[in-house]
Structures are given as C-alpha cells and as structure tokens.
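*Asks:* All chains, please: the whole structure from these sequences, using the hints.
Chain order of the listed sequences is A and B. Mapping the first sequence onto the numbering used here, position 160 (from 1) lands on 160, and the numbers just tick up by one. Mapping the second sequence onto the numbering used here, position 250 (from 1) lands on 250, and the numbers just tick up by one.
Honestly, the hints are just simulated from the structure, not real lab data. Bear in mind the structure is a predicted one, so any value in this text is a computation, not a measurement. Every residue, glycine too, gets a C-beta built ideally from N, C-alpha and C. Among the clues, some could well be false.
DMTMM-like cross-link-like pairs, simulated, lysine to aspartate or glutamate; straight-line CA separation at most 25 angstroms [claimed, not checked]:
#, chain 1, residue 1, chain 2, residue 2
1, A, K78, B, D359
2, B, K333, B, E357
3, B, K233, B, E382
4, A, K78, B, E375
5, B, K333, B, E387
6, A, K148, B, E375
7, A, K148, B, E382
8, A, K78, B, E413
9, B, K143, B, E387
10, A, K148, B, D361
11, B, K118, B, D39
12, A, K236, A, D218
13, B, K143, B, D64
14, A, K78, B, D361
15, B, K143, B, D61
16, A, K26, A, D211
17, A, K78, B, D414
18, B, K110, B, E18
19, A, K78, B, E418
20, A, K148, B, E386
21, B, K143, B, E52
22, A, K148, B, E357
23, A, K148, B, D359
24, A, K26, A, E66
25, B, K137, B, E282
26, A, K148, B, E387
27, B, K110, B, E282
28, A, K113, B, E375
29, A, K113, B, E382
30, B, K137, B, D394
31, A, K113, B, D399
Residues of chain B placed beyond 10 angstroms of chain A at every Cβ, according to the derived structure [stated by the list, open to error]:
#, residue
32, R47
33, D64
34, E153
35, R228
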Amino acid sequence: MTLEIQNLHVRTEEREILHGVDLVVKRGETHALMGPNGSGKSTLANTLMGNPVYEVTEGRILLNGEDLTEADPDERAKAGLFMAFQYPATIPGVSVANFLRMAMNATREEPIKVKEFGQLLGRNMDLLRIDRDFTSRYLNEGFSGGEKKRAEILQLAMLQPEFAVLDETDSGLDIDALRIVAQGVNEMREPERGFLIITHYTRILGLVHPDFVHIMLDGRIVREGGPELADELEEKGYEWVREEVAAGAG
Amino acid sequence: MPAEFVEQRRRAALEAYEAEPVPTWRRSGFWTTSLRGLDLDALEPKRYEPVEELPQIVRDDLGDEEHAALIVQHGASVVYSHVADERITVMPLEQAVEEHPELVEPYFAKRLPYDEAKFAAGTAAFWTGGVFVHVPKNVQLEKPIQVVWLIDEPGTAQWAHTLAVVGEHSECKLREYFIAPDFEGQALHAGAFELYALPGAQVDLAHYQDWGRGEVYDLSTRRVEVRRDARVKWVPIHLGGHLTKQRLDIITAEPGSDMRHTGLYFTERDEHLDLFTSDKHEAAHTTGDTVWKGALTGDSRASYEGLIHIIPKATEVDTYLQTHQMLLSPKAKGDAIPSLIVEVDNVRASHGGTVGELDPDQIFYMMTRGVSRAEAVRVLVEGYFEEVVQRLEDPGLEDLVRRRVAEKLHGAEDQVREFIGERAEAT
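*Replies:* Below, the structure written as structure tokens:
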C-alpha cells in the first residue's frame, strides 16, 4: 500500500535531471516535496506519470509492489496514480463534464450512471465553489490560471485516486483560491490515500499540513524531516539548504 | 424544345472544351494535381429509370429527417424527386428550362462563365438532368431542401449543374450530398453549382461529399452570390474522393451582405484533395468569416488555398480567414495557404494558418486520466473538428459527419498510433 521511488535516474535528450531519487509515500500520508525552480520537482512528477519526454535510465517506480517504471500513463492512472498538472493541456471540443465522465469511465469496470455522475459532480463543484456553467466549457480553453487549477482539483475529487501528486497546484493562486483548493485536498485526505504535494513555497503547507517534508536540490533529495523542516526553510530560504549541502559535501 | 439560351451555351462550351487540353494544376513549384490517371474516354453518362424507393445508400446518409424537397440524380438521370412544400419549385434543371424559362434564364450561369476552364466548359456542354431550386420571396422553410448526386457504377461520367435562387427575405436550408458506394474502377463527377441569395435572404448551405473508396474524380466549381443584406452560411464537407479538384467561391456582392464559410476535410489512403476557395468582396460594408479544418491520414495529399479578395470599391469590409491542417500519418502530405488581395484601404482583413500534428502534451494529459492513446487521438481529432461540425446546426448531418469521422479514425488507428508513438520516442 505504498508508492515507492527507488534510486530514480531520469534524463531528457539533453541531460540527466534526476540523479538517484528515493522516496516512499505510504497510504494515509501527505508528503511535501520542496525545492527551488529547476531542481527537478516537476521532472519527478512527470516521470511518475510516464511522460514520454523523460527517460528513466536507472531505478524503479513501484505502486503497491507493482513495477510501473515502463508502464504507459493510462496504465498508471488505472493502477491508482493521479497528477494535478502545473500547466494542464487544453482539450478543444471536449467539455469539462464530458472529459470527467470519460476519465471516470476509463478507470471503472462499469460506466457511471448519469444520475450518480451528476450528483457527484454537483457536490464536488460546490465544495470547490465552481459555477455550474463551468462544466459546459471546453476543458482549459480560455481558462484563467486559477480556473485551470480548480479544474485539476475537480478531477482529483471526481477520480478519487489512491495516490495524488500535486505539481505546484498552489502557484499562481490568490489566497482565497488557495484556501478553496486546500480545503478540497483536506477533504480528500484519508487513511486510504497518499499525497505528494510539490511546491516552491511554504504557503500551501500552512493550509494542508504535511506529515513529511523533503527538499530537492539539483536532482537529489538533500534534506528530509517533519513539518518543522518547512518552517525552517521559510525562515532561512533555499540558499541556506544549498550552503548546508555544500558544507556537508566539503 | 430545349431553350435556345441553354443550347447556345452548350455549343459554345463544347468548342471551348475541345480546344482546351486536359489541365495539370501546379502551385508553388511542388504541388501538382494531375489527371494522368483518369481515362476520360472510357466514361459515359449512364442513364437510369426513375425509382419509387430511394436507394439504400441514400437512405443511410439522409436518415429519416423530413424535407421540404428531395431530388436525386443517379448518374446522368434524375431518378427521384419529391416536393413536400408547395411554395417552392424544385425539379430537374432540364425540365425547369422548358417549363419556367422566366425563372431560370435571369440567373442561369450568370456567375459561371463556360470558358473559364476545361471542365467548366465540359459541364456547360454536357450537363444532363440537373437541379433547379427556386424559393420565391418571403418564404420561410423549416425543413431542408435535399439534393443527392449518386454514382454507383464504375465507368460513369456525371456532368452536373445545380442552379438555386433564394428570393428576397426568404429563409432556407439547402443540402447537397455527393455519394457513392465502394466500387472498383473509375468515375467522374464534374459539377457546377450556383446559388443566388437575393436581398435579405438567409441561406444555410451545406455540401457533403463522400465518394467512397472507388476511383471517383470530382472536378467542380461552386459559386455563391450574396446580395444586399443577405446572409449565407456555407459548410462544405469532404470525407472522401480519389481525386478532388474544386474551386469554391463566395461573393458578397452588395452592401450589407454577409457570409460565413466553414469547411472540413478528412483524407485517407491515397486520396488527393486540391481545394481553392475565395471570399470575394465586391461591395462596401460586407462581412466574411472563413474557417477550414482538415486532417490527413495514410498516403493522402491535401492542399487548401484560401483567398480573401477585396476589390477597390469595397470599403469598410470586415473579414477573416483561418485554415488549419492536422497530419495524422508520417506519409501524408499537406499544404494550407491563406492569402489576401486587398485593393482598397479602410478594411479589416486578416488571415492565419497552421499545419501541425497532434500535440504530444495533450495526448499525455489525457492518458494520465486513464484514457488510452487511441481514444485520446480520437477525442482530440473529433474535438478539433467539433467547431466546424457545430456550425452545421443540423443534428442529422452533424451525426452523420461525426459518425464518418469516427469510422475513418478507427480505420486509421494503427498508423496514427505508430506515428504518435514514433513522435513520442523521438522527443
């Protein structure tokens, strides 16, 4: 009942970005992965979902013991993984409601009943304070940054995955929108579900309290600890981590 | 007795046809449409007897939608005609020339010079049967007027002419279907279409072409004139044809006239499609909006050139043209060229074009939601076309187009997957 990342090395065509990442997220736990821009956080998230832009050259990704390292993204979704994208793609011609139904049916044995779908959608939209006419718009077409993020969290709430990766969901949100998103995530925290919250800032961690904090620098996890690590980071900044790591190495 | 104005044109056109060599169309040095493969001499205008029942293939495509009128030309003969709405005239053009010369002559070939091209001359010389549509003034039709051009035998030459006149302040929907079952061998549809939307008329026009897998050549010219304060919405749809070379022109001829032109094409196998469209503004205060979207699979070739032409006296025109093309196979070749000729100041005219492939980021995104690659491709291509399909505003035709696009994508699934897979690995 665990997402395990073992000694993960990842490269693009140009260069290696992750140089051996180990991370274990058990169900019921919420982990925060923090780091400055360019440290490899989004690469890790994308690699977890199987983005073909990234190549795993060493190491493994296991979900409940099943090796997903080479699996296609849709197989990973069916195995229970989800990612809320930092920059979700626009899907012209497909409404939010139709997209949600298609995604739900893709991961279910039986297609969801129309009435059940409607009720679930209504409840989650209320929770995320989304207008009703939102669902008839084409997914992400002409959406503001905040609307895109809410559409991602709406998908999370509808799909109810076992493990969810939130890739910088907090960035670009004003405080009210951030509160709504955080509330949505908090509602979904339960013993059966694991979260990996990727962020540059500590702001969201004041609203969604993580059990563990990891700090990534230059493609490696360099510090790990409890929630107090985020507070320390808030106070001292990433330069402090960089200096510490340099001192430790030297 | 056939009317002299028609016979005279036939004679002159025959001379022009015989004087002209079979053309080869070249553009920008690398795009060629050639009729080398067509054995014209082996084709003949096949005649058929009238039928009581519609052929199955026609029923399948038309569905059970009610019509204001329905007329079917099979090969060289009109075989079926039914007019449900007595206010309008819909009949074979041959018959209209004799029975209603006063309605036909003022418009007949007004915008279709017989000597502008080889096959324009051929059509003017050889057309048989034909379709005449006349909607008198101040008539509002709810149900569509349906025209079917059917070819179901190899060796057929179908020389076609449709003349449609929509009277002042009338409203109607006109649909032409060009259909053939899959057969082995060659056939030709050489067509002329002309529509005159008189002042204040509102016409909702669609051309649906699906010539199947036979070797059907379609060499046609379609021209629409939009008069003062009239509006024409035109949706041409190309879903099949071995070789198609068409010219589609829409002319906003008087102040206040407005056109909306939205096209779609999907080519597959070794099909060759060469389209030229023009949006010609002949008067001030006219407006236009042209959007074309295409997708290519297999070894197919598709070239779209769209022109906006604004003549010197046409000030205060507001118009734009967009063309998009999506390649779904490594072997398909496409070309989409928007162009502008603006001979006057004080107009708004813009154009844009894209030629591209499916975006790997969109496919990845959908797959992370559990959707398979094939399904993601299908949804993205259908979504891409949806803007055009919705402009049909005709549920029966929309369903037909969606169904046929889905079938074609299903047929092309393996090559699309291979192509997308290749791209994914290459990145």
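*Asks:* Sort out whether D64 (chain B) lies within 25 angstroms of K143 (chain B), counting only the CA atoms.
*Replies:* 12 angstroms, holds
*Asks:* Over 10 angstroms from every CB of chain A: does D64 (chain B) meet that, or does the non-interface label fail?
*Replies:* For D64 (chain B), whose nearest Cβ neighbour in chain A is about 26 angstroms away, the distance exceeds 10 angstroms, so it holds.
*Asks:* Hinted pair, alpha-carbon criterion (25 angstroms max): K110 (chain B), E282 (chain B). Please report holds or violated.
*Replies:* 15 angstroms, holds
*Asks:* Would you check the hint for K148 (chain A) and E387 (chain B), treating anything up to 25 angstroms between C-alpha atoms as holding?
*Replies:* Cα-Cα ~21 angstroms, so holds.
*Asks:* For the pair supplied as a hint, K148 (chain A) and D361 (chain B), confirm whether the alpha-carbon distance does not exceed 25 angstroms.
*Replies:* At roughly 15 angstroms apart (the allowed maximum being 25 angstroms), D361 (chain B) and K148 (chain A) satisfy the hint.
*Asks:* Taking 25 angstroms as the top limit, are the C-alpha atoms of K148 (chain A) and E357 (chain B) close enough?
*Replies:* 24 angstroms, holds
*Asks:* Measure nothing beyond the straight line between the CA atoms of K26 (chain A) and D211 (chain A); if it is 25 angstroms or shorter, mark the hint as holding.
*Replies:* 11 angstroms, holds
*Asks:* Please work out if K78 (chain A) and D361 (chain B) have their alpha carbons no farther apart than 25 angstroms.
*Replies:* Cα-Cα ~19 angstroms, so holds.
*Asks:* Within 25 angstroms, alpha carbon to alpha carbon, are K118 (chain B) and D39 (chain B)?
*Replies:* With Cα atoms ~16 angstroms apart, K118 (chain B) and D39 (chain B) stay inside 25 angstroms; holds.
*Asks:* Compare the distance between the alpha carbons of K236 (chain A) and D218 (chain A) with 25 angstroms, and conclude whether the hinted pair is satisfied.
*Replies:* 18 angstroms, holds
*Asks:* Would you assess whether E153 (chain B), listed as outside the interface, keeps its beta-carbon beyond 10 angstroms of every beta-carbon in chain A?
*Replies:* It holds; E153 (chain B) is separated from chain A by about 38 angstroms at its closest Cβ, greater than 10 angstroms.
*Asks:* Measure nothing beyond the straight line between the CA atoms of K333 (chain B) and E387 (chain B); if it is 25 angstroms or shorter, mark the hint as holding.
*Replies:* Within the cut-off at roughly 23 angstroms; holds.
Checked against the numbered hints given earlier, this structure breaks none of them.
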